[in-house]
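**Q** Letter by letter, the chains look like this.
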Amino acid sequence: MLIVSAVFLVAVPWLVPAVADRFWVNVMAEILIWSLLASSVNLLFGYVGLLSFGQALFFGFGMYGVAIGVEKLGLGFWPALGLGVAAPVAMAFVAGIFAVRLTWHYFAIITVVFSLIFYFLALTLKPLTGGDDGISFTLPPAFRFGGAEFGFASETFQYLFILATVALCLYAMRRLLASPLGKAFMAIRDNDVRASLIGLNVYWLRLAAFVMAGFLAGLSGALFAFFGRYASASYMFYHVSGEAVVWTIVGGAGTLLGPLVGTSLFILVREVVSTHWQHHALIVGAVAILIVIYAPRGMVGLWRDLLERWSGGEK
Amino acid sequence: MNEAAKPPILRIDGLTKHFGGLTAVDGVTLEFAPGRLHAVIGPNGAGKTTLFNLISGFLPSDEGRVFFAGQEITRLAPHKISRLGISRTLQVKSVFNQLSVADNLWITAQAKRGVWNPFRRTASYRESCEKVERVLEQLDLTALADRQAGTLSHGDIALLEIGMAIAAEPKLLLLDEPICGMSPAETARTVTKIRELAQTIDIVLIEHDMEVVFEIADDITVMAQGAILACGSPKEIAADERVREAYLGRPEDEDYVEEAVRA
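Chains as they are written, first to last, in the working numbering: chain A, 55 to 369; chain B, 18 to 280.
One chain only, chain B, in its complex shape (with noise of 0.2 Å):
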């Protein structure tokens, strides 16, 4: 808050986590500007998943702390986390399965206002069912709206995963590899979904697709074995010695350091 003119969405200080003798995370020191498209990414293995893990409150972290607009987060449970405004997604695509796509929105957009009344029908809930609406329009899923969710195409479930990331209207939304795994044109539609939402939200993405990241991220962190290895702009990211090097010129590199985790 001192020089900068906003202070930071999220600001992160010696984030340590080891699971047994591996350290995943390793003193990772950052802060995230708000209004920008922040990615992270690195080899397999890096650390960005733990680190979302840590930031979500899923994993406890061993050291350090977590600020987020301000407010200290460190270890908070992951609901209290998300009722103050972070939303996340998850590597392995997951809704609720059995629930229909607009019920998946509802009980989203409702969870931080409450869910104890018993006999109020779901339907009287102006403000979330207007919510419910009104993503369906922002990701084309109105005509997807009945079905089950576990029914969907993995391309669809993905964007239902953001949409339910944007019906809890957090401040800061951390998307773990929201394209994996979709074809050319779902990649498409879901990259200008993002580029649409981050006008309005700040948005963290971890993602493998190094084409994707360069074309939409403001600001790109590169971690490496647990530990940040480099931040800075696409061009000053793709101009980076120690990046090329450590992953993103030597690809045969990113096998080796999977290996050296998975061991």
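Bound-form chain A, shown alone (with noise of 0.2 Å):
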């Protein structure tokens, strides 16, 4: 099953124009940006026990260092890209320091206070970030060859470049939750007050958890903005954080594809109703309370639970 998608996934680029519209690449790539932007949240919640409603922040942050590096200080790929990446882990950090001193709806509140805080800057600081227009620019190449360069101009380099650093990104937390950080983090999910007792220091480790969901969601927005060659404040609204939630809970909060899985489903509804109907939130809306309800472990708990009983059925 896995090895299935994950040929089907690497083989996107050439298979989907064969069958479809090649503009379905584009949604593809575009579920794996918002994948990972869920994924941070699923670090946090999934496996910290922190609800945040506040990662649209970073991804915002991700999208200006891009937008702001490319254009306004004339960066290259990939500097611009580590100015992605190193603006929302430095601002993860700072927001962390407050806001892991909370937990439960303390914590989601500073988490979209936060958020709020810094969208009204960024439409405010026109000089800067555009203000309501945001920030467009024209796309560096990421490698040249001789004469021949390679970056986001093509959609399959843009495509497989997504698809990597996805990949990446979930492998390297895939090992993290078979390290001693990753169960630490999970130790203070299930039980904080004995993770204290047994002498781990909550406070640190949260703050890692947050500054590393800094950094999927930063590195997310930093690739959203490559995408979309511009950067808007309109992204670091919270009802962005909020859909992230939603797609993760959806998907399964504590798995490691929980998060992709949750936003595959809701951008291909969206993508495919969206053109008939106008009300496509409503479908969303009724899914996210369906599972909540009946699988509160998402889609792929309740997939897991299917595995389970058609395998125990044959014993």
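Since the hints were derived computationally from the structure, they do not count as laboratory data. Check before you lean on any hint, since a few could be wrong.
Claimed, not checked - Residues of chain B placed beyond 10 Å of chain A at every Cβ, according to the derived structure:
#, residue
1, GLY44
2, ASP120
3, GLU213
What the hints assert, rightly or not - Cβ pair distances, simulated, as ranges:
#, chain 1, residue 1, chain 2, residue 2, range
4, B, PHE136, A, PRO195, 46 to 52 Å
5, A, LEU182, B, ASP163, 50 to 56 Å
6, B, ALA160, A, VAL327, 46 to 52 Å
For every residue, glycine included, the Cβ atom is placed at its ideal position computed from N, Cα and C.
Hints given; two lone chains; assemble the complex.
**A** See below:
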């Protein structure tokens, strides 16, 4: 199942145009990018027990890092990507110092507050951020071999670059979950009181997770800036954070691939339905409610339960 | 260190904690000698658990000082006290529900050795993994190693909690009502384990089951209304008139104190 999916994902740029419009390659690329944002929610909520409604802040910092890097500072592809990751990581560290002192709804609220502050700041700081209009930029190439240039100008390169980045992040996360740090995160998620009683420094561990999640969200935003060739404050609004939370919970919080599954479902529904019917958000809401009630571990959890039942039935 | 052959493992000096108008722990001064199994008893609301919370850094004390093996630990953060070598269990059983039994023990064993490596696999930490195997065997939990901790029976969770307390390799173990809510068979099993542990680790336990306390404790401290009422061997305590009056002889007093505290 996993191998088939992996082969399919790599083959998308050649397979999809053969059977459908090329436009779907870009939809797949977009799904992959947003799944990284959902993964950042998942790392915090699914593995450390902190529900953040502010991950869009770091997504926005990633976008602006790239756009400002390219357009205002004249950076190339890689330095701009670096800035698009460093800025959100630094922001996550600063915001985290305050945010991870709190838990549950207090934590959720402070993450919303942080993202709102910077959303309005981005709207006001017109010379730097372009305000409402955002910043558009010309795409720099990623590699040069002799005379040939490779970059996001090629949809195939763009898709494969994004796929490789997302795959690398998911692999790193998988390693993390099997490491001492990952176990410490999960211990804190399950029982933070007990975690401190066995000698774990809950505050620093939560801060580390928050910065890592900031990295994932920031990288996602940086990729999205290259993908759309622009940055805009509207992507820092908490509406975006909220969507990532819904995708994660529907896909399965606390599972590695849940965010990718949830993001795929919602973006595909949006793309398919929105051309025929304006109110696709209704479907999204209905699915989210059904999943939360009937499959609290999301679609991946549901899938695992089914597998268990089938294999159990065979015995 | 002057007269005694060995310094006390835990010395508490004038420890006080107020909750609003209520003084939960009122100027408690105590010494726990090493190498003995101590029990703290007293009616509900006597301040036993609060005393544990103050020792383990879970609550900040208002006055007084705590010394662990000669080192002052007053008002240190819980994770620092834990790393110095005090483990405790909680009255309401608490483990890491979604982790496996083995992972519960592993993270506890590894916690003070460092958990910051994000890439090395947990299975490659030999010291902690061996510790997990030993504790699993010691507590007869090997068969349950891969079970999610949250799915265990009450008695097995209590055992796992004790296992986690041992996995941390403490010098001092604080057990808060370790056999509360257990069946007679589970109680017998747990009491045996506690006795075995007491051979190598200093233990202080809070317990309501008098039969158990008088059976296993070397020293008993009786608390009532936040203060120390009496200290001594089980024989001395059983013979103490004040203890009889306040606690053992007149069970209706227990309800009276409970009501007074809740009010």
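**Q** Please go over all the hints and tell whether each is borne out by the structure.
**A** Now for the hints, and whether the structure bears them out:
1. For GLY44 (chain B), the requirement that its beta carbon stay farther than 10 Å from each beta carbon of chain A is met, with the minimum near 26 Å.
2. Distance check on ASP120 (chain B): its Cβ comes as close as 6 Å (rounded) to a Cβ of chain A, failing to clear the 10 Å threshold; non-interface status is violated.
3. Every beta carbon of chain A lies more than 10 Å from that of GLU213 (chain B), the smallest distance being close to 21 Å; the non-interface claim holds.
4. Between PHE136 (chain B) and PRO195 (chain A) the C-beta distance comes to about 32 Å, which lies outside the given range of 46 to 52 Å.
5. In this structure, LEU182 (chain A) and ASP163 (chain B) meet the distance hint of 50 to 56 Å, their C-beta atoms being roughly 54 Å apart.
6. In this structure the hint that ALA160 (chain B) and VAL327 (chain A) lie 46 to 52 Å apart at CB holds, the actual value being about 51 Å.
Hints 2 and 4 from the list above are not met by this structure, while the remaining hints are.
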